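Take these sequences, add in the hints, and give me the full structure.
There are 2 protein chains.
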Amino acid sequence: MASSAPSSSAIEMDPNTANLRQPATTCDAWYGVAHGCTRKLGMKICGFLQKNNSLDEKGRMVGSFKESARNQMSCDNNERFTRAETDFSNLFARDLLPAKNGEEPTIQFLLEFVEILTNYVRKTFDRSTKVLDFHHPHQLLEGMEGFNLELSDQPESLEQILVDCRDTLKYGVRTGHPRFFNQLSSGLDIIGLAGEWLTSTANTNMFTYEIAPVFVLMEQLTLKKMREIIGWPNGDGDGLFSPGGAISNMYSVMVARYKYFPEVKTKGMSAAPRLVLFTSEHSHYSIKKAGAVLGFGKENGYVPLFVNATAGTTVYGAFDPINDIADICEKHNLWLHVDGAWGGGLLMSRKHRHKLSGVERANSVTWNPHKMMGVPLQCSAILVREKGILQGCNSLCAGYLFQPDKQYDVTYDTGDKAIQCGRHVDIFKFWLMWKAKHIDRCLELSEYLYNKIKNREGYEMVFEGQPQHTNVCFWYIPPSLRGMPDGDERREKLHRVAPKIKAMMMECGTTMVGYQPQGDKVNFFRMVVSNHAVTKSDIDFLIDEIERLGHDL
Amino acid sequence: MASSAPSSSAIEMDPNTANLRQPATTCDAWYGVAHGCTRKLGMKICGFLQKNNSLDEKGRMVGSFKESARNQMSCDNNERFTRAETDFSNLFARDLLPAKNGEEPTIQFLLEFVEILTNYVRKTFDRSTKVLDFHHPHQLLEGMEGFNLELSDQPESLEQILVDCRDTLKYGVRTGHPRFFNQLSSGLDIIGLAGEWLTSTANTNMFTYEIAPVFVLMEQLTLKKMREIIGWPNGDGDGLFSPGGAISNMYSVMVARYKYFPEVKTKGMSAAPRLVLFTSEHSHYSIKKAGAVLGFGKENGYVPLFVNATAGTTVYGAFDPINDIADICEKHNLWLHVDGAWGGGLLMSRKHRHKLSGVERANSVTWNPHKMMGVPLQCSAILVREKGILQGCNSLCAGYLFQPDKQYDVTYDTGDKAIQCGRHVDIFKFWLMWKAKHIDRCLELSEYLYNKIKNREGYEMVFEGQPQHTNVCFWYIPPSLRGMPDGDERREKLHRVAPKIKAMMMECGTTMVGYQPQGDKVNFFRMVVSNHAVTKSDIDFLIDEIERLGHDL
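Residue numbers (our numbering), protein chains in the order written: chain H, 232 to 784; chain V, 232 to 784.
A couple of the hints might just be wrong.
Where chain H lies over chain V, by a calculated footprint (3+ residues, C-beta under 8 Å) [unchecked claim]:
hint	stretch
1	451–459
2	498–504
3	551–560
4	627–634
5	685–697
6	709–716
Honestly, the hints are just simulated from the structure, not real lab data.
Please read these numbers as outputs of a predicted model, since none were measured by experiment.
Backbone N, C-alpha and C define an ideal beta-carbon position, used for all residues, glycine too.
Written out as structure tokens, the structure is:
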């Protein structure tokens with residue numbers, strides 16, 4: 232698979248020494264720089280550098296040398312840090328690395344910063360804290376107790392920066408709080424969090440193996456594993472992590488269009504007949520949006536191209552019957568996409584994966600680990616059954632960015648198969664979570680909620696039967712509406728109940744849960760659980776809150 | 232701007248008390264939960280909760296209460312952490328929060344983790360360390376000294392997770408190293424890094440004010456400031472942070488299409504005449520890609536719609552003459568986009584902003600703070616002069632996601648104007664860096680390099696004259712080619728020089744710099760500086776390295 236190291240007439244590169252560990256030595260610090268090469272080359276570099284570096288740089292090098300020698304004593308080149316009382320009011324960003332003597336202020340600043348973050352983490356899981364401390368936009372814009380959002384051209388001290396960060400967290404929403412039920416993505420997974428911290432410290436880009444070798448391979452292995460779980464033979468196929476489910480769904484439409492009408496890539500939509508996409512009423516709006524973005528129409532008489540089956544709708548958590556839809560797609564030679572942004576996580580569960588039966592017949596699948604699997608946002612995968620088609624669809628062979636004459640196997644470079652150029656590293660946190668735990672989820676809590684309210688006075692379920700996902704959709708009927716006959720007046724009143732209760736919840740900051748209308752159904756609550764921290768007591772709490780706040784409406 | 236709090240018959244909400252700080256008190260812990268409401272309501276909640284919580288939860292609450300009371304003693308509710316020797320070999324992810332007694336393991340794990348990260352930060356700025364420790368894909372896949380990239384279903388101990396993280400960093404590329412010149416985005420800004428750590432701890436989503444109140448406002452204020460700097464009256468207009476420059480450029484094409492042919496949104500590209508986009512040969516390939524994605528064609532005879540002027544090309548760092556192009560666009564009523572992904576940063580510099588003269592005449596601008604301004608990836612803005620057009624172009628009014636009947640001014644919600652649904656918080660690190668420093672950049676180092684090599688033996692410049700941005704493009708001519716007459720043989724040999732030198736650089740790990748061909752020009756080096764840590768000595772080092780590695784080719 233991989234190409235061999237380049238031959239060189241002047242320098243003897245021994246590929247086998249590429250991972251040689253240097254013995255502890257008092258050699259010049261520059262030796263360390265050259266330690267991927269042979270000793271002979273290392274010495275050559277040392278000699279060269281000593282001859283060529285300026286005096287100023289030499290002073291710096293002596294310092295580095297001491298550091299380096301000290302590092303070589305410990306087995307992993309690392310040091311334990313020590314907190315020191317630091318006055319940040321006289322320190323500024325310019326005093327941090329790469330400033331001269333910036334190392335100590337940098338470490339102390341980061342440690343102080345981490346204290347703010349770990350305190351936030353602790354409080355996130357503490358049910359005696361609020362989910363949020365709500366303020367209207369104008370209140371925050373006016374400045375809350377000195378928290379000034381405006382930008383100025385005068386640099387602030389690090390002390391003030393730390394205060395700004397505390398305030399940012401204080402006026403934000405604790406999406407990891409066990410009583411935050413407002414979104415499909417919630418929770419604060421500690422391993423995932425650590426993974427994100429590392430990702431931002433590494434600060435690299437997924438577009439080439441060259442600058443993200445480990446992350447590119449992690450992505451490749453993880454996508455393969457996900458394709459195996461979907462059920463595609465040997466986990467073969469293609470895929471990418473994209474900036475979210477909407478973009479993943481857009482990829483699926485693009486790839487389908489390329490598969491059937493490759494000339495659209497160069498000649499535009501006028502090279503194809505008028506095409507149409509099929510998706511169900513309750514599917515995510517990103518399919519429609521992809522139609523608008525990519526230049527499709529939405530009228531009768533067009534040529535069918537693409538069918539989206541949703542595995543876990545946004546509101547009801549419902550699953551389309553994939554096998555039935557696949558039969559039709561096969562018969563009519565249509566592209567079948569499964570939008571498992573929300574429901575894909577159930578593929579990991581022996582008990583629940585049957586809800587996605589037939590997913591292995593799909594041509595493409597969207598699956599967002601940042602939803603059901605609790606991975607920090609953003610982490611969404613587009614998976615494609617046909618190998619190479621993402622490359623075919625999106626490559627422009629920009630040789631100035633993706634050089635074909637590198638020393639390694641450039642098929643590992645992913646840049647040209649994405650619609651992005653730079654691409655954030657979304658894989659590491661997910662890979663690390665997978666390493667750290669058996670990823671699985673149970674739906675017990677939503678069953679608990681469903682069983683608790685289905686026959687309870689003052690509740691009506693929005694759809695019949697047991698929920699397929701963790702979504703439980705229901706109306707709370709305040710006592711004043713309970714005897715009222717169905718009709719416009721009751722509907723109008725009921726429509727206002729959920730927004731009112733939600734507004735009061737947010738003002739109190741005790742919990743957050745979503746509501747929305749759907750079709751001809753007036754506003755109802757949509758309860759979802761995707762946070763490991765939630766327990767039955769939190770479900771009880773939600774019901775109590777709704778009744779407390781809604782009783783007199 | 233903001234709507235008022237909802238009226239409620241049962242609960243007296245006093246909006247003025249929403250930010251009341253509670254006096255230190257020994258009241259029930261739940262009091263804290265209710266502290267956004269009036270005291271009366273707080274007491275009501277307390278009474279209610281005490282009555283309704285299970286015994287199990289009560290035990291937990293007593294613990295929380297002690298915690299809460301203790302917190303109220305200190306002014307900011309925070310605690311200082313203490314490192315403790317911890318054996319992570321017997322701890323697993325399941326022992327961390329939200330596990331019972333998970334707080335201490337969580338804090339200790341995160342502190343241990345931060346030690347790994349701070350050590351990496353220190354080494355990143357240490358010139359005696361390598362930029363990378365290169366391995367081929369097959370080597371990493373086979374497992375380097377026990378670093379196993381494969382996923383299994385057995386959870387690893389936290390000890391092993393920490394080892395995995397050290398290895399991930401060890402085999403990665405130090406993009407913040409002062410001798411990493413390989414990409415337009417480089418450097419490791421400490422304030423930006425801290426900002427990313429906070430962002431991932433907050434783990435929220437930009438789509439509604441409801442769950443990202445502070446970040447949404449920061450984005451709004453920062454985009455306004457950027458529009459003021461561009462020169463649009465009062466900083467009015469529209470904008471978003473998107474997942475990268477390619478997506479930002481795609482937005483510009485979409486908005487232009489919507490402006491002139493709004494019916495494409497619902498009726499597809501067949502509702503418009505055949506449209507064409509204009510962009511220069513050296514512009515970023517994402518403009519072409521947007522054409523392919525959005526269903527445009529690329530042939531003569533089409534109707535002109537959109538012109539892209541590049542401010543800072545990827546390879547040469549060249550600036551198109553915006554004013555001249557704007558004249559033509561105005562005359563022919565075309566949309567003018569300025570792709571300042573790389574060059575936009577110069578707008579912050581009094582000395583260099585003249586290179587973007589006329590940018591205020593653009594209809595839209597792409598500007599990536601993650602490039603020249605050193606903000607961690609991803610941070611890219613699409614800025615649009617006409618207010619409301621992003622909403623018009625992209626909104627689908629998905630009432631089930633963006634409810635119009637919330638208690639706050641929902642014009643602050645950004646979700647419906649994006650092509651994404653969930654959107655990562657990219658603003659905070661940038662906002663924080665802006666607060667922390669006067670953001671400016673000088674191009675002195677590239678002038679230094681240019682002056683050093685323009686007349687130096689063995690160098691040829693790719694284009695004439697002083698570079699406009701930090702890009703310095705040059706060929707290194709090994710002695711063996713210096714006397715050779717121009718022709719195919721010399722061209723072919725020269726084409727192989729840069730890849731060979733780059734490969735050796737990577738094997739040695741001493742530095743990284745990009746190369747590419749462009750048009751009929753064979754492979755040449757493209758040097759860029761976007762990292763504050765770079766000094767003249769690093770420029771000298773690069774030249775020395777090129778000559779050392781290339782001398783005998």
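Open item on the list: Let me make sure I understand: some of the numbered hints might not hold for this structure. Which ones are they, in numerical order?
Closed with: As far as the earlier hints go, 3, 5 and 6 are violated by this structure, in ascending order.
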